[in-house]
Amino acid sequence: MPTLVTDHWYDFRDLSNLSRVILEGIDKVAPYELAYIVAPIIGFVAAFVIFVLPSQLFVGVYGERRIIGRMQARKGPNRVGPFGLLQPVADALKLLQKEALTPTAADKTLMWAAPVFFVAPAVLLFAVIPFGPRMVFADVPAGLIFFIAVSGLPVLAAFIAGWSSNNKYSLFGAMRIVAMSISYEVPLVLVLLCVVVFTNTMSLPGIVEFQVDSNLWLIFMQPLAFVVYFIAVSAELNRTPTDIAEAESEIVAGYLTEYSGMKWGLFYGMDIGYALAAAAFASTIFLGGWSMWGLEQWVPPWLLFIAKTHLFYFVFIWTRGTLPRLRIDQLMGFAWKFLLPLAVFNLFLVSLERLWWNESDLGGGIVFIIMAINIPASAIAVYLWARFLGYKPERIPTRPRLVREAGGYVPVEDPAAGGQ
Amino acid sequence: MTRWWTGEELAEAAERLVPGSVARSTATACILEAEHAHEALRALRDDPETNFAHLSNLCGVDQWDRFEVVYHLQSLERNQVACAKVEAFDREEPSVASVVDIWHGAWIQESETYDLFGIRFEGHPNLQRILLWDGYPGHPLRKDFLAMPGGLQPGLNEFAGTAAKPEPPVRPVT
Amino acid sequence: MLTLEHFLTVGVLLFCLGLVIALSKRNAIGVLMGIELMLNSVNLTLIAFSRFSTGPAEIAGHAFVAFVITVAAAEAAVALALAVAVYRSRQTVEVDQLDLLRS
Amino acid sequence: MSEIVQSEPFVMNIGPQHPSTHGVFRVKATVDGERVVDAEMVLGYLHRSMEKLAEERTYTQNIPFTDRTDYLSSMSNNLGYCLAVEKLAGIEVPPRGQAIRVIMAELQRLASHCMGAGAFANDTGAWQTPIMWFMREREKILDIFEMTSGARLTCNYMRIGGVAFDLPDDFEEHVRALIGPLRETIADGEGLLSGNEIFLARARNVAVIPQELAVNASLSGPMLRGSGVAWDIRKADPYCGYEQYDFDIPIGYQGDAYDRFIVRLEEMRQSLRIVEQALEALPGGPHSTEVPLALRPPAGEAYARIESPRGELGYYLVSDEGPSPYRFHIRPPSLINLSVLKEMTVGGSIADAIVALGSIDIVVGEIDR
Amino acid sequence: MDNAGVQIAFWVLSILTLVAAGGVMVSRNLLHAVLFLIVAFIGVAGFFVLLSAEFIAMAQIVIYVGAIAVLILFAIVLTPQSIRDNSETAMVGPAILLGVALTAVFLFVIHDTTWATDATDPGLSASDLGRALLSTWVLPFEIASVLLTAALVGAIMLVRSETEESEDVPDADA
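Protein chains in written order, with this note's numbering: chain G, 1 to 420; chain P, 1 to 174; chain D, 1 to 103; chain C, 1 to 369; chain L, 1 to 174.
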């Protein structure tokens with residue numbers, strides 16, 4: 001790949017230069033093992049300072065509240081600091097000062113341990129995300145399955161939180177989150193398997209490399225996989241419209257009902273952290289990661305990546321501000337009856353295409369043919385499967401019937417008295 | 001416009017449907033005999049001419065010598081309203097037949113009347129206090145509530161100067 | 001210097017702990033947890049053998065572990081379904097209370 | 001999830017402190033997994049025994065009590081009570097007073113339905129957005145109330161024989177400025193929710209009340225109309241000159257929560273029509289008749305009802321020629337609409353129960369009084 | 001295998017795994033036992049990483065921690081009486097004796113044997129494993145899929161209750 005990025009340490013388009021220079025310097029003066037210890041620290045600090053912390057505070061907390069406030073015809077935080085930008089800091093300080101109550105009948109050890117279990121995987125998740133061409137913290141060969149494995153852990157923490165609170169709402173939330181994650185894990189893993197089959201690699205930098213080489217993002221090659229991934233991941237993350245595990249109007253706050261103070265704050269912050277991680281993962285897999293058809297030569301790739309992540313996160317915010325919430329049986333039915341068959345269909349289609357790709361000698365241009373096949377095929381598959389399940393787009397009246405005079409009953413089935 | 005039935009009109013209709021069910025009638029209401037009240041109310045609901053399918057209101061009135069249970073019956077199709085009353089004379093254990101089996105919506109109003117007046121509704125599926133808690137002394141909407149056994153006094157119990165209990169206000173009833 | 005013996009020792013200790021749990025627990029779910037531990041220790045042993053060898057044995061170890069994990073998943077699903085079904089009919093999952101033939 | 005969770009039925013308290021009970025209202029729901037097998041309501045957390053208190057105060061002094069029953073529609077409650085006293089004492093209200101009452105009652109209906117529809121959307125999980133849109137318009141209505149009566153929530157504006165004060169000079173201008181944006185907000189809310197698949201999945205065929213049950217259970221208001229019964233006291237038994245205004249009764253199709261929601265939205269449109277007409281034809285003259293402060297109506301009884309935002313709001317007064325009512329009874333529509341709570345919730349899931357409760361649009365101040 | 005970091009990791013993981021397994025044994029609360037079990041699973045996954053089997057390690061976490069542990073948690077919550085009880089039967093003495101004896105025998109065998117080890121080659125990649133599973137081991141692979149299907153069907157049939165069998169209607173129109 002032709003690249004304009006140089007190896008000078010001051011070339012901020014590739015921050016790995018800087019860390020490499022630092023490490024080489026350390027290596028000259030310090031024993032061999034020290035560089036091993038310093039390298040992860042540099043990566044960790046860099047990832048946190050550049051991406052995780054600002055995203056979490058200023059996109060996750062402040063931006064989400066501002067954007068939702070705009071959607072809801074109100075202002076959102078605007079008092080603390082310029083434009084209210086310091087609101088997350090103020091919130092964190094407030095949470096730190098609050099008393100973290102523990103109910104008498106709660107399992108105190110587990111209730112204390114749950115937020116800790118919840119936080120740890122969130123940090124691990126960012127380790128395998130490639131921020132730039134050479135900016136991946138841990139290039140695990142099986143990075144994709146690492147991501148799946150680690151993102152399954154917070155469910156356990158949420159279950160522990162709900163169970164240990166010894167509250168019926170909490171227990172309901174815990175049961176719901178476990179049932180949901182079991183259901184939605186299946187289509188999620190299946191569509192990621194489609195990606196693996198198609199790109200022939202399980203390493204996340206490899207997947208980005210594939211998208212750069214074929215000059216086409218996977219969202220265009222596998223639109224169905226992207227849609228299924230978005231729905232499944234928003235269900236796993238408990239984002240509206242699928243936030244039934246902490247459905248405010250039904251079970252108060254779900255598994256978080258009894259949490260307060262910083263223990264609650266950890267859950268809240270890490271919820272955003274997981275959503276950001278899922279957004280980063282999706283932008284890596286489906287949106288081309290740090291690549292942008294050559295623009296990455298001029299703009300720092302990590303900035304492109306962060307922009308894509310935040311764009312994806314914005315969609316989360318948007319759905320949250322717009323859509324009502326589904327019921328649990330509807331959600332489970334949706335996962336098993338709708339998403340799972342579609343994911344299997346997509347896997348089948350993609351495997352066939354990959355086989356064809358291997359056999360044919362069309363070269364790299366084949367991805368455009370595949371795109372031309374897959375986009376209509378996905379739409380047709382969704383439509384046909386919906387029809388097969390008996391879903392018909394019926395015209396449901398959005399306006400009631402109008403009558404002039406009071407008195408008497410108007411029959412339920414009365415086509416003449418339509419109020420349209 | 002809704003036709004508001006006078007007591008006489010309702011008495012006529014009730015007498016036609018269930019003979020002997022009317023005790024007397026006033027300008028606004030028809031007082032039904034307690035033992036025929038349930039039958040008469042059901043007939044008033046089912047008869048196509050009266051058609052009082054909707055029980056608009058049910059409440060109690062304490063008239064010192066008797067309790068009245070007031071039913072405001074309403075017909076949606078014929079657009080008419082009538083007022084029927086049933087009286088209970090026993091001051092200690094007043095009792096009236098329940099109309100829950102006629103109008104389902106009566107249960108909540110009957111419970112409330114039981115709670116606040118102490119009128120028992122025979123045949124009510126689940127007659128419990130709904131606004132006040134179980135064990136609350138007395139029934140507050142009775143006129144002699146403040147003089148009832150274990151009755152409460154206005155104001156705080158420990159309020160200075162309330163040691164002498166004032167006589168409950170008694171007003172002559174016409 | 002880590003040798004095969006290190007890993008095998010850990011595997012044996014884990015296996016025997018699992019065995020003791022599986023043999024001594026009163027609760028059927030506890031027994032199942034012991035069995036899962038034993039399966040894990042077997043996996044550990046297989047992977048260790050695979051790592052410290054070359055040729056076809058290496059890949060056989062990995063394949064065996066994949067099958068063991070599959071079987072363990074199936075076994076856990078069925079066993080827990082059994083536990084739930086038994087609990088529903090007899091209100092207990094204690095193995096020494098489950099004397100179906102005697103009642 | 002009920003397929004997976006087959007635990008023993010256990011009691012789950014929805015309320016008294018719960019985000020979706022709209023006040024201190026409590027449902028003791030017995031649930032089996034996610035399915036509600038029994039629902040029992042526990043009331044009285046806000047009971048103030050207003051009916052007893054009112055027996056000790058004069059007729060005029062009782063008006064502020066009615067503000068505090070249904071605190072989301074105080075104007076309607078004032079109006080119902082004043083109508084009952086006027087019926088008891090035979091007082092006529094001048095035309096301007098009647099027109100002002102109509103405008104106020106309809107504005108109050110708009111404000112109350114803004115809250116009701118928004119809160120229902122919130123109960124289905126549309127997280128705060130619709131309710132915020134509607135609240136924005138409701139604030140403007142409350143501003144108008146403040147301008148007119150000096151209070152936003154507990155207005156205490158109606159008087160026996162008319163209203164307390166005449167309208168301020170720029171009243172008409174403010175109300176006209178309100179109507180257009182409110183129409184748009186209603187359309188927005190409808191566009192956001194009415195055709196939304198998720199909203200339909202949550203609200204359609206949930207908490208269905210058949211027509212027969214709706215009538216038999218004494219339901220009223222949007223609950224009754226949602227079940228397809230064309231019944232509106234403004235049409236059936238017009239008071240305050242409602243017969244002069246041109247409006248329609250919206251009725252639903254099958255009596256589910258969705259029907260009640262769209263009926264409420266359409267009622268808001270009709271209310272806007274009435275307000276426009278009433279503003280057009282606002283007559284001059286006095287806004288109130290002179291009524292003695294210590295009113296002593298002749299002995300007798302009177303039952304007057306109005307169509308409050310929640311349904312048939314009735315006041316039953318018995319007079320013994322004293323300065324205060326001998327018996328003062330409120331027919332609270334919220335309470336009586338709750339009588340079908342069990343029929344609406346049992347058999348559905350907890351989420352459905354919340355939607356059912358939200359579709360009743362209860363106000364606990366009115367239930368407990 | 002001779003790196004200092006790897007050695008430290010080995011000892012930490014050994015202690016973690018064995019202590020967690022002991023925790024499964026001694027904790028009286030079944031839910032705590034499951035959490036210890038999860039720690040043990042994660043420890044074993046760490047061993048797999050040490051042994052250069054990343055894919056198996058991830059599969060271990062996904063399946064054991066993500067699926068089996070969650071299933072066990074679910075089963076515990078569904079059998080409420082069992083939550084607080086993880087005690088041993090009278091067989092605990094013989095079981096421990098057997099365990100200790102077996103450990104001794106195994107340890108003797110392990111340390112007595114001279115293993116022909118070859119620790120030089122790097123680990124196996126996931127694609128190698130995939131090729132092997134679909135070529136050499138294709139028959140067991142297919143049988144495993146049948147086994148999984150059978151287990152799935154069997155588990156569903158076991159927990160179906162009578163009420164669901166009678167009302168065999170789809171509950172959600174997705």
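Because the hints were derived from the structure by calculation, they are not lab data. Do not take every clue at face value.
What the hints assert, rightly or not - The calculated DMTMM-like cross-link candidates involving lysine to aspartate or glutamate, where the alpha carbons are at most 20 Å apart (straight line), are: (1) C:Lys342 <-> C:Asp188; (2) C:Lys52 <-> C:Glu321; (3) C:Lys87 <-> C:Glu321; (4) G:Lys168 <-> C:Glu40; (5) C:Lys342 <-> P:Asp65; (6) C:Lys52 <-> C:Glu40; (7) C:Lys28 <-> C:Glu343; (8) P:Lys143 <-> C:Glu56; (9) G:Lys337 <-> C:Glu197; (10) C:Lys342 <-> C:Glu51; (11) P:Lys143 <-> C:Asp169; (12) P:Lys143 <-> C:Asp38; (13) C:Lys28 <-> G:Glu248; (14) C:Lys28 <-> P:Asp134; (15) C:Lys140 <-> C:Glu184; (16) C:Lys52 <-> P:Asp144; (17) P:Lys143 <-> P:Asp65; (18) G:Lys75 <-> C:Glu139; (19) C:Lys140 <-> C:Asp188; (20) G:Lys168 <-> C:Asp32; (21) P:Lys143 <-> C:Asp32; (22) G:Lys392 <-> C:Glu197; (23) G:Lys168 <-> C:Asp38; (24) C:Lys52 <-> P:Asp65; (25) G:Lys168 <-> G:Glu248; (26) C:Lys342 <-> C:Glu40; (27) P:Lys143 <-> C:Glu55; (28) C:Lys87 <-> C:Glu40.
Unchecked claim - To spell it out: a stretch of chain P is covered by chain C in this simulated footprint if at least three of its residues, at any positions, have a beta carbon under 8 Å from a beta carbon of chain C; those stretches are: (29) 6-18; (30) 109-117.
Source: prediction; values computed, not measured. Glycine included, each C-beta is placed from N, C-alpha and C at the ideal position.
TODO: Starting from the hint list further up, note which numbers the structure goes against and sort them upward.
DONE: Hints 1, 5, 6, 10, 11, 12, 21, 28, 29 contradicted; others consistent.
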